[in-house]
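Undergrad: Please model the entire structure based on the sequences and the hints provided.
Take a look at the letters that make up each chain.
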Amino acid sequence: MTESRNDEESTAKKHHNYGIQTPGTKGIAGTKRYAMAIDLRKCIGCMSCVVACKSEFGTPLGVWRTWVKVADKGHYPNTQRVFMPRLCNHCDYPICVRNCPTQATFKHKDGFVLQRYNRCIGCRTCVVACPYNARHLVPAKRTDKNLPHSVVDKCTFCIHRVKRGMLPACVQACVGGARIFGDLNDPDSEVAKLVSKEPVTVLKPELGTSPSVFYIGGDWEIMDEPHSYENRTSQLKEEFNDFKRNHEGDAFGDIVEGESTMYHVSKNMKDFIASIPHKASDVIDAFKRLLFK
Amino acid sequence: MNESVITYNVFHHVAWGTPISIYFWLVGASAGSFVISSFGWVFGIKRYKPLALTASLQAIILLMIVPVLLIWDLGKPVRFIYLMLPGYWHSTGPMAWGSLLIFSYPVSMIVYTYFVLKNNLFWAKAFGIVAIVLALSTHWYTGVVMELNPGRYMNHTALAPILFLTGAFISGIGLLILILWVQNMIVDVKKRIEWPLIEEMAQYMMYGIVFDCFLLFLEFMQTLYGNRSEMISHELLLGVFRFPYLWLEIILGLLIPLFILVSPLKKQKYGVILASFLVAIGVYGMRVWWVMGGQYMQTFY
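Chains as they are written, first to last, in the numbering used here: chain A, 1 to 293; chain B, 1 to 301.
Read the hints as simulated data drawn from the structure, not as lab findings. Please read all numbers here as calculations on a predicted model, not as lab measurements. Hints may be right or wrong, so weigh each one.
Restraint-style ranges between C-beta atoms, simulated for each label pair [said to hold, decoys possible]: (1) B:Gln-222 / A:Asn-118: 38 to 44 angstroms; (2) A:Asn-118 / B:Glu-199: 54 to 60 angstroms; (3) A:Tyr-93 / B:His-234: 46 to 52 angstroms; (4) B:Leu-274 / A:Gly-74: 29 to 35 angstroms; (5) B:Glu-199 / A:Pro-226: 43 to 49 angstroms.
Which bits of chain A does chain B cover? Going by a derived footprint, with three or more residues having C-beta under 8 angstroms, they are [as the list claims (entries may be wrong)]: (6) 112-124; (7) 184-192.
From chain A, some residues computed to sit far from chain B (all C-beta separations above 12 angstroms) [said to hold, decoys possible]: (8) Lys-26; (9) Gly-27; (10) Lys-32; (11) Asp-39; (12) Phe-57; (13) Lys-69; (14) Val-70; (15) Gly-74; (16) Val-128; (17) Lys-145; (18) His-160; (19) Arg-164; (20) Leu-167.
Using N, Cα and C, we set each Cβ at its ideal position, and we do this for glycine too.
TA: Structure follows, in structure tokens:
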């Protein structure tokens with residue numbers, strides 16, 4: 001008995017270290033492991049979580065920390081609308097943390113995967129590495145100049161609120177009570193009870209990232225990755241094009257469905273030239289931004 | 001059976017775009033031409049000595065563009081220095097290793113070229129060995145950067161670095177042949193590179209193309225095996241990336257040059273030049289779809 005307790009203590013101590021690659025803490029006694037369960041049977045697609053997140057962090061237009069995917073199923077009169085809230089999965093074994101060249105991304109001992117803006121160089125390696133598309137580059141132009149720009153950002157599980165004993169903004173705002181947040185290692189917490197009793201799924205389990213966002217009652221068609229790009233509609237494409245036109249400095253980084261990159265760049269050469277500094281005053285402004293901001 | 005249509009979703013950027021593809025192509029062509037440059041001074045094949053200077057200068061110039069492209073592409077360009085500071089450097093990030101390679105490779109190459117100019121065999125060979133290891137590593141790492149993204153099915157293959165190195169070899173030779181052709185038109189008759197030597201290089205390029213085709217075949221075997229990667233590779237090959245992938249890489253960049261280089265056309269000057277040009281641009285097509293394809297497929301996920 002004493003021996004096993006000692007073992008537990010030593011394991012707990014080992015896992016308590018801060019560090020950019022803190023080992024996974026799921027199920028380790030004496031550690032905290034914050035997780036979220038999303039009960040899709042209760043989700044009504046009101047998007048209040050998306051709005052709450054946007055207003056909590058002032059997330060710019062065109063990028064999201066959390067979003068809700070919507071799909072319509074079936075034929076009239078047997079139709080159904082299904083929802084799929086998405087956010088950073090705060091993996092136990094995050095690929096983004098391994099990939100970051102400047103240690104800007106790290107894993108907190110309590111399970112949060114966080115971003116240090118002062119270290120981020122905006123190389124976007126983590127954006128490419130994330131299998132869940134949970135990361136984004138913050139645009140250069142922001143209304144509040146004091147907020148970080150041109151660095152990679154992501155969902156933080158609202159660590160600033162959680163550490164003050166509050167719930168994340170999206171959980172607080174959820175009208176149906178579909179989002180449940182808590183410590184997975186505490187067997188009395190609601191999230192631990194739900195995850196142990198209900199049949200849950202995670203996204204891309206085959207990658208071995210051990211996500212901390214669990215879905216209850218998920219619809220396979222909306223969760224299935226190939227399905228989501230099989231059914232792209234022209235409306236979505238149009239929205240994407242609008243977004244591109246309104247987004248500064250993206251002449252290179254994006255491509256539009258149905259067009260190859262080179263064709264796209266040559267077709268939009270006018271936009272492209274307009275987006276690069278080609279007047280003397282623009283060049284001076286660009287240098288000023290580069291050096292003094 | 002139910003059908004479902006995604007009626008609302010958000011869009012994710014393709015985070016790495018054209019600058020990164022150009023950068024991969026430049027590094028590859030630089031490494032490939034440097035391999036040819038080292039034939040004479042490092043591996044002791046004397047007939048390659050006359051073109052060593054042109055080849056290494058080409059490698060240096062191509063690599064000079066790389067930091068400009070990469071630093072410009074960063075969200076915070078001034079912070080590129082973090083990639084080399086001990087407190088920031090992250091050993092598990094392939095890009096952290098890559099940044100060291102990108103800065104050390106040109107230095108060793110410049111020193112090597114200096115000793116080639118001074119006709120100092122010993123030091124040219126010593127620095128040539130260092131530079132060739134760095135040249136291969138610099139390009140090898142670009143493959144590793146793409147490979148270590150388990151969520152991007154098309155990129156997540158151990159073949160990536162070998163594919164990238166083979167592409168580097170053939171595109172480097174292709175570009176070098178074009179430059180030597182132009183150089184021969186400009187310089188004195190005595191200083192011209194003999195055409196049989198260029199034909200021999202074209203022969204090496206042909207071996208590289210055959211190996212690249214074999215690698216591509218292996219890749220197709222894996223990706224077209226009936227899971228979700230089959231669907232992705234179908235969409236990439238015949239969909240958005242049809243031009244860079246099918247036309248530029250496979251048809252224009254591999255099959256047509258291979259046909260030229262195994263047919264009597266290889267004895268004709270313009271046949272070799274056309275094949276070199278096609279290989280050089282074909283490898284760019286490969287870089288484009290490798291960088292953007294894997295991300296593109298998941299922009300709607």
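Undergrad: Is 38 to 44 angstroms right for how far apart the beta carbons of Gln-222 (chain B) and Asn-118 (chain A) are?
TA: 41 angstroms, holds
Undergrad: Are all beta-carbon distances from Val-128 (chain A) to chain B longer than 12 angstroms?
TA: Label violated. Min Cβ-Cβ 5 angstroms, cutoff 12 angstroms.
Undergrad: Does the claim that Asp-39 (chain A) lies outside the interface with chain B hold up, using a Cβ gap greater than 12 angstroms?
TA: The claim stands: Asp-39 (chain A) keeps its Cβ more than 12 angstroms from every Cβ of chain B (closest is about 20 angstroms).
Undergrad: Take the C-beta atom of Tyr-93 (chain A) and the C-beta atom of His-234 (chain B), compute their distance, and say whether it sits inside 46 to 52 angstroms.
TA: 31 angstroms, violated
Undergrad: Can you take a look at whether the segment 112-124 of chain A is actually covered by chain B? Rule is 3+ residues, C-beta closer than 8 angstroms.
TA: holds (count 6)
Undergrad: Just double-check Lys-32 (chain A) for me: nearest Cβ-Cβ distance to chain B has to come out over 12 angstroms.
TA: 25 angstroms, holds
Undergrad: Is the Cβ of His-160 (chain A) more than 12 angstroms away from each Cβ in chain B?
TA: Fine: 23 angstroms to the nearest Cβ keeps His-160 (chain A) off the interface.
Undergrad: Just want to verify: Phe-57 (chain A) was marked as not at the interface with chain B; is every Cβ pair farther apart than 12 angstroms?
TA: 15 angstroms, holds
Undergrad: Non-interface claim for Leu-167 (chain A): all C-beta distances to chain B beyond 12 angstroms?
TA: 23 angstroms, holds
Undergrad: Per the hint of 43 to 49 angstroms, is the separation of the Cβ atoms of Glu-199 (chain B) and Pro-226 (chain A) within bounds?
TA: 48 angstroms, holds
Undergrad: Minimum Cβ separation between Lys-69 (chain A) and chain B greater than 12 angstroms?
TA: 5 angstroms, violated
Undergrad: Against chain B, does Arg-164 (chain A) keep a CB gap of more than 12 angstroms to every residue?
TA: 29 angstroms, holds
Checked against the numbered hints given earlier, the structure breaks hints 3, 4, 7, 13, 14, 15 and 16 and satisfies all the rest.
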